[in-house]
Amino acid sequence: MNFDFDSFTLFTGIALLVLMIPATYRLATGPTAIDRIVSINIIGTKSAVILVIIGSLFGRVEMFVDFALTYALLNFIGSLAAARYLHKTPPARGQVGEDE
Amino acid sequence: MSIFTIIAVVLICVGLLFFLGAAVGIMRFGDFYTRMHAAGKGDTLSSLLVLLGFGVYQLNNFQSFSESWPVLLVILKLIAISAFILLTSPTATHALMDSGWEDGIEPELKNDKPETNALEEDMPQPKQKEAQA
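Chains A and B, in that order, give the protein sequences. Mapping the first sequence onto our numbering, position 40 (from 1) lands on 40, and the numbers just tick up by one. Mapping the second sequence onto our numbering, position 102 (from 1) lands on 202, and the numbers just tick up by one.
Hint data in this document are derived by calculation from the structure and do not stem from the laboratory. As the structure is a prediction and not an experimental result, all values here were calculated from the model. Where hints are given, some of them may not hold.
In silico contact screen, one side only, chain B against chain A (beta carbon under 10 Å); selected entries [as the list claims (entries may be wrong)]:
id, residue
1, Ser-164
2, Leu-173
3, Ser-199
By construction, the Cβ of each residue, glycine as well, lies at the ideal position given by its N, Cα and C atoms.
So here's chain B without its partners, still in its complex pose (with noise of 0.2 Å):
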């Protein structure tokens, strides 16, 4: 057992564990914007540690330039799906939330009174809102 398996183990076991506090925090957290916030930050971490954790598993492999340069191309393309992963998924987590901004979804506030709630009034309020007003 090298010490690349050994590596790869623990960064796939640390990966599923963020998935899986990832897949609580979709199940228990009662607010729109929370639950954005678990799956957001969860699902990023952990697909990229479980990724990369093949990707140092396949060092394995590689014994010369010359000879196993196919595996170094695997190892860049894992280390190219994490790296997109890591731009794309908070940018669309970031632009499903503005539009459930834009459509209204309230957050749960701990303050239910708005005028004991001084971060309510900094707050851009939804569009909704402001057309009853």
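So that you can see chain A by itself, here it is in the shape it has in the complex (with noise of 0.2 Å):
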């Protein structure tokens, strides 16, 4: 049987692909923000993912590899961020509404 990686590779990028589509969708009718959020970062990590697959195809996985390994660490940073605004935490001193 002769079996071809690369169109396998091929299989496995458009599958990723496909289920991007749930997330998109709770991305768009979420009830909440956060659940938006958290559709983000699995879209984030998916595409992260999708890199290492796009450099297997090209045949520069050591280029793509690196490209992955960025977006991953700014996805995290991102939905950390988006955590820590959305993060009702009291001020650092004194009182609420101390200021006004």
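With the hints in hand, could you dock these two chains into one complex?
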């Protein structure tokens, strides 16, 4: 049996793109804002995997792996910043509304 | 078809299965916290499996250490991405879930009556509830 790994890689990439559709649905119709941020986080993680797949298809994995690493880093920092933004923490010093 | 290709195909197929589970969980679950659970766990494990599968496939290009050390570098970077996702994806999920709890998103509980639910008394209440009481 002749097995072509490039065709399998292409199938994997297309399957990952199709599996982004539920996350996009949750992004469009999420009841809360944090649902949307979670779906963005999922799409970012899938994009990092898809970058490795693109590198394997083009035969330049050593270049695209760096892109994937950077994308995973930025994805984590973005979702953490959004989480801290939506976190209703009390102010560092003083009472709430003391400044007004 | 070498043994590395077989291992890589098996790892990638299992990873796609977990990606499918995460996608179904995001679509179907009715609660914010259960959706977070499906997204955090399924996405982390499946990304790990797919990336490690590609790393195993790169071992096909490895002949000797002096000639093909860039292959080892690529495998090392793939393992680094896997370890990074393994560390950061649950952290991001936990931070988002904590901010959702602080915002006062109510979880769907099995028993709607508060007096028959022993679990709810032990849980720390959201801050909006404390402010109303």
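Structure-based check of all given hints:
1. The beta carbon of Ser-164/B comes no nearer than 18 Å to any beta carbon in chain A, farther than 10 Å, and the hint placing it at the interface is violated.
2. Nearest Cβ of chain A to the Cβ of Leu-173/B: about 7 Å, under the 10 Å cut. The hint holds.
3. Because the closest C-beta pair between Ser-199/B and chain A is about 4 Å apart, less than 10 Å, the hint holds.
Hint 1 from the list above is the single one not met by this structure.
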